[in-house]
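Chemist: Now for the letters of each chain:
Number of protein chains: 2
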Amino acid sequence: MDNFTYHNPVKLIFGKGQIAQVGRDIPKGARVLFAFGGGSIKANGIHAQVVDALGQAGLTFVEFSGIEPNPRYETLMKAVELARAEKLDFILAVGGGSVVDGCKFIAAAIPFEGDCWDIVAKRARLKSAVPLGVVLTLPATGSEMNAFSVVSREETGEKLGFGSPAVMPRFSVLDPESTYSLPPRQLGNGIVDAFVHVLEQYLTQPADAPLQDRLAEAVLATLVEIAPKVMATPPDYQARANLMWCATMALNGLIGQGVPQDWSTHMIGHELTALYGIDHARSLAAVWPGVVAVRREAKRAKLLQFAARVWGLTEGSEDQRIDQAVAKTRAFFESVGVPAGTIAAGIPAEAAQLVSARLSERGGLPLGEDGAIGAAEVRAILEAAA
Amino acid sequence: MDNFTYHNPVKLIFGKGQIAQVGRDIPKGARVLFAFGGGSIKANGIHAQVVDALGQAGLTFVEFSGIEPNPRYETLMKAVELARAEKLDFILAVGGGSVVDGCKFIAAAIPFEGDCWDIVAKRARLKSAVPLGVVLTLPATGSEMNAFSVVSREETGEKLGFGSPAVMPRFSVLDPESTYSLPPRQLGNGIVDAFVHVLEQYLTQPADAPLQDRLAEAVLATLVEIAPKVMATPPDYQARANLMWCATMALNGLIGQGVPQDWSTHMIGHELTALYGIDHARSLAAVWPGVVAVRREAKRAKLLQFAARVWGLTEGSEDQRIDQAVAKTRAFFESVGVPAGTIAAGIPAEAAQLVSARLSERGGLPLGEDGAIGAAEVRAILEAAA
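Going down the list, the sequences are from chains H and U. If you read the first sequence in my numbering, its first letter stands for residue 172, the second for the next number, and so on. If you read the second sequence in my numbering, its first letter stands for residue 172, the second for the next number, and so on.
Rather than coming from a laboratory, the hints here were simulated on the basis of the structure. Wrong hints could be hidden among the right ones.
Because identical chains share one entry, a pair is satisfied inside a single copy or across any pair of copies.
To be verified - Below, computed lysine to aspartate or glutamate pairings styled on DMTMM-like, alpha-carbon distance capped at 20 Å: (1) Lys187 with Asp173; (2) Lys400 with Asp173; (3) Lys473 with Asp173; (4) Lys400 with Asp379; (5) Lys213 with Asp223; (6) Lys249 with Glu329; (7) Lys249 with Asp490; (8) Lys473 with Glu486; (9) Lys213 with Glu489; (10) Lys298 with Glu239; (11) Lys293 with Glu396; (12) Lys298 with Asp379; (13) Lys199 with Asp260; (14) Lys400 with Glu505; (15) Lys298 with Asp196; (16) Lys182 with Glu554; (17) Lys258 with Glu325.
Given the sequences, and given the hints that come with them, work out the whole structure.
Modeler: Here's what the structure looks like:
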C-alpha cells in the first residue's frame with residue numbers, strides 16, 4: 172500500500188424526503204445560482220421541491236437551466252456571466268453528473284482571473300471557488316462526493332477534466348425517489364459508469380492492499396446483485412437507494428487510496444464521446460473489452476481475483492477463467508441495455524487511428540496504471556474492443 | 172436502508188514518514204498542547220519526531236503526559252487547567268485510542284462553562300471545542316476518524332461516552348511504522364477491537380443494505396487474513412499498514428450508515444472494564460459470545476451470512492453453521508492472544524448481577540439494535556458468555 176492523504180469533507184444527506192431540508196445547509200443570506208439541465212426536474216417535481224425548500228429558508232435565488240450532458244464550456248460560461256452580474260455567492264446544482272461537473276467548473280470560473288478555459292486546459296491552480304451544494308437526481312458519476320469535473324468545448328471538440336478540493340460540494344442530497352422518473356437508458360448507464368469507475372481503481376496490479384481490494388469487490392458485487400431490481404418497474408426504493416450509494420462509493424476516492432489506478436478506459440472513452448457524441452457510460456463499455464484484451468498479461472493476477480471474487484469463477488485454467496470473467500462482464504453491461512465493445516456501440520473503425528492521434532497530440536499519453544499505453548496501444552485497444 | 176447523514180471531514184494522512192509533516196496541518200501561530208500517554212513514545216522515537224516537526228513549523232507547544240488507558244476524568248482535567256492557564260488553542264494527541272479519546276474530552280472541556288463531567292454524564296451540547304489533530308500509534312479504536320470518546324471517572328467507577336462533530340480531529344497522521352514497538356498484547360487487542368466494532372454494526376438484522384453488508388465483510392475478512400502477519404516478528408510494514416486502515420475503516424462511521432447497530436457488547440464490556448480494569452478489547456471478547464448466544468434468534472439471518480461470507484461456512488444445518496462461525500470467531504480472538512468468553516478472561520460470576528444492576532441504575536438499558544436487552548438479558552448474556 173502506498174502513502175496517501177484522504178480528505179473528503181462532503182456532507183452526504185441520504186434518503187427520501189431530504190430535498191425539503193436543502194435550505195438548511197446553505198448559508199443564511201446567500202444569493203444562490205440554482206443550476207440544472209433540461210426540463211426533466213420540472214416534469215418530475217424536483218424543481219418545485221427545490222424552489223419550496225429555498226423559499227422556506229428565505230434564500231434569494233436565480234435559475235440557470237440548459238446544462239447539457241457532457242456539459243459545454245460555452246454554456247457554462249453563460250452561467251458564470253450571470254453569477255458575476257447578479258453577485259451570486261452559492262451554487263446549487265440539481266441534476267446528474269453533468270450538471271454537477273458543470274457547476275464545479277462554474278464555481279471555479281466565477282472568481283477566476285484570466286481565460287477560464289485554462290482551468291481545464293492548463294489545470295490552472297485555483298485560489299478559490301464559489302461554494303457548491305448538490306441535489307443529485309442520477310446515480311452514476313460520483314461527482315457528488317469528489318473533487319473532479321469533466322467539461323467539453325464545442326469549438327475545439329475537446330473533453331477535458333480538472334480537479335480541486337475547492338470545488339468539492341459542501342453537501343450533496345441523495346434522494347432515491349428522485350431517480351424514479353429516469354428512463355432505463357440512464358439507469359443502465361449509471362450502473363455501468365459506477366462499475367467501470369471501480370474497475371479503473373481495482374483491475375490493475377496487486378499492491379498488498381487487501382482491504383481496498385475487498386471494498387472495490389463489495390461495490391462490484393452489489394451492483395451485479397441489484398442491477399435487475401434497479402431496472403425493474405415500478406421503481407423499487409431499496410434498489411434505487413443501493414444504486415445511489417454504490418455509485419457514490421465507486422468514486423468518492425475511498426476505494427482507490429494507496430493503490431495503482433488505471434483510467435485508460437475513461438481517457439479513451441472521453442475521446443469517443445467528443446468525436447461521436449456517445450453517452451459517457453456507453454463509451455466505457457465500448458472501450459473496456461479492448462483494454463483487458465491488450466493489457467491481459469499486466470492485469471492477469473487481478474483479472475483472476477476479479478473472476479473468483481466477483482463472478483465466482485474458480486474452475487478451469489487461468490485463461491478460461493479470465494475469458495469467462497470478461498464474457499460475464501460484457502453480458503452484465505448488455506443486461507442493463509448498454510452495448511459492450513465498439514461494434515455494438517456503433518464506433519467506426521477509423522476511431523482507432525483518430526483517438527490515438529488526438530491523445531498523442533494533446534500530450535495525453537501514456538495511459539494506464541504503469542504508463543504502458545502509448546499511441547500504438549490505444550490503437551490496439553480500440554481494434555481489440557470489437 | 173434508512174435515511175442517513177454522513178459527514179466525516181477528518182483529513183487522513185497515511186503512510187511512512189508522514190509524522191515529519193505534522194506541523195503543516197496545524198494553523199500557523201497556534202499554541203499547541205502536545206498530549207500523550209506514558210513513556211512509550213519517548214522510547215520508540217515518536218516523541219522526538221513530533222518535537223522536530225513542531226519545531227520546524229515554528230509552533231509553540233506545551234507537553235502534557237500521563238493520559239492512561241481508559242483515560243480518567245481526573246487526569247484530563249489537569250490538562251484542561253494547563254491549557255486554560257497557558258492559553259493553548261490547538262491539541263495534538265499522540266498515542267492510541269485512549270489518548271485520542273482523552274484529548275477529545277480536553278478539547279470539549281477547555282471552553283466548556285459549568286461542570287465538565289456534564290459533557291459525558293449529561294451529554295451536554297457543545298457550543299465549541301478546541302481544534303484537535305492526531306498522531307496515531309495504536310490501530311484499534313477508530314477514534315482518529317470519528318466524533319466519539321469514552322472517558323472514565325475514578326471517583327465513581329463510571330466509564331461513559333460522548334460524541335460531537337466539534338471534537339472530530341482536523342487531521343490524523345497514521346504511520347504504520349509507529350506500531351513497530353507495540354507489544355503483542357496491544358496488537359491483538361487492536362485486531363479484536365476493530366473486528367468487534369464491525370460486528371456491532373453488521374451482526375444485527377437484514378436491512379436491504381447489501382453494500383454496507385459487503386463493506387463490513389470486507390473489513391472482517393481482511394482482519395482475518397492479515398492477523399497472523401500482524402502478529403509476526405520482525406514487523407511487516409504492509410501488514411501493519413493494512414491493520415491501521417482496517418481499524419480506521421471499522422469505526423469511521425461509513426459501514427454503519429443507514430443500518431441498525433447493536434453496541435451491546437461494548438456497553439456491557441465498558442462495565443467490566445470499569446469494575447475489573449480489564450483491557451477494552453478483552454472485555455469485548457469476553458462478552459461477545461454471550462451476546463450471540465442470547466440473541467441468536469434475532470440475529471439468525473445475519474449470523475448465517477457472517478458464517479458464509481466471512482468464514483466460508485456453507486455446509487450443514489443452519490445451527491451447525493452458526494455454531495461453527497461462533498467457534499471460529501472465538502478461535503480467531505484467541506489466535507491473537509485475546510481470551511474469548513468470561514471464564515478465560517477471568518471475570519467472576521458476580522459480574523452478571525453487578526453489571527446488570529449498574530446499567531439499570533444509570534438508565535443505560537435497554538440495549539441492542541432492537542432495544543430487546545433489558546436487565547434480565549444482560550445477566551443472561553454474562554452467564555452465557557462463559
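Chemist: Could you run down the list of hints and mark each one as holding or not?
Modeler: The hints, checked one at a time:
For a Cα distance limit of 20 Å, the shortest separation of Lys187 from Asp173 across copies, 9 Å, qualifies, whereas the shortest one inside one copy, 38 Å, does not. Taking the shortest alpha-carbon separations for Lys400 and Asp173, only the inter-copy value of 18 Å comes in at or below 20 Å, while the best intra-copy value is 37 Å. For the identical chains of this complex, Lys473 and Asp173 are intra-copy neighbours only, at 17 Å inside a copy versus 34 Å across copies, given an alpha-carbon limit of 20 Å. Only between protomers do Lys400 and Asp379 lie at most 20 Å apart by alpha-carbon distance; the minimum there is 12 Å, versus 34 Å within a single protomer.
For a Cα distance limit of 20 Å, the shortest separation of Lys213 from Asp223 inside one copy, 13 Å, qualifies, whereas the shortest one across copies, 59 Å, does not. Proximity of Lys249 and Glu329 under a CA criterion of 20 Å is satisfied intra-copy only: 19 Å inside one chain copy versus 62 Å between copies. For a Cα distance limit of 20 Å, the shortest separation of Lys249 from Asp490 qualifies neither inside one copy, at 53 Å, nor across copies, at 65 Å. In this assembly of identical chains, the alpha carbons of Lys473 and Glu486 lie at most 20 Å apart only when taken from the same copy (16 Å versus 29 Å across copies).
For the homomeric pair Lys213 and Glu489, neither the shortest alpha-carbon distance inside one copy (52 Å) nor that between copies (51 Å) is at most 20 Å. Taking the shortest alpha-carbon separations for Lys298 and Glu239, neither the intra-copy value of 27 Å nor the inter-copy value of 44 Å comes in at or below 20 Å. Neither within a single protomer nor between protomers do Lys293 and Glu396 lie at most 20 Å apart by alpha-carbon distance, with minima of 41 Å and 44 Å respectively. Taking the shortest Cα distances, Lys298 and Asp379 never come within 20 Å of each other, neither inside one copy (37 Å) nor across copies (43 Å).
In this assembly of identical chains, the alpha carbons of Lys199 and Asp260 lie at most 20 Å apart only when taken from the same copy (11 Å versus 28 Å across copies). When the C-alpha separation of Lys400 and Glu505 is checked against a cutoff of 20 Å, the pair qualifies only within one copy, where the shortest distance is 15 Å, while the shortest distance between copies is 42 Å. Taking the shortest Cα distances, Lys298 and Asp196 sit within 20 Å of each other only across copies (18 Å), while inside one copy they are farther apart (23 Å). For the identical chains of this complex, Lys182 and Glu554 are neighbours neither inside a copy (43 Å) nor across copies (43 Å), given an alpha-carbon limit of 20 Å.
For the homomeric pair Lys258 and Glu325, neither the shortest alpha-carbon distance inside one copy (27 Å) nor that between copies (57 Å) is at most 20 Å.
Hints 7, 9, 10, 11, 12, 16 and 17, counting from the list given before, are not met by this structure.
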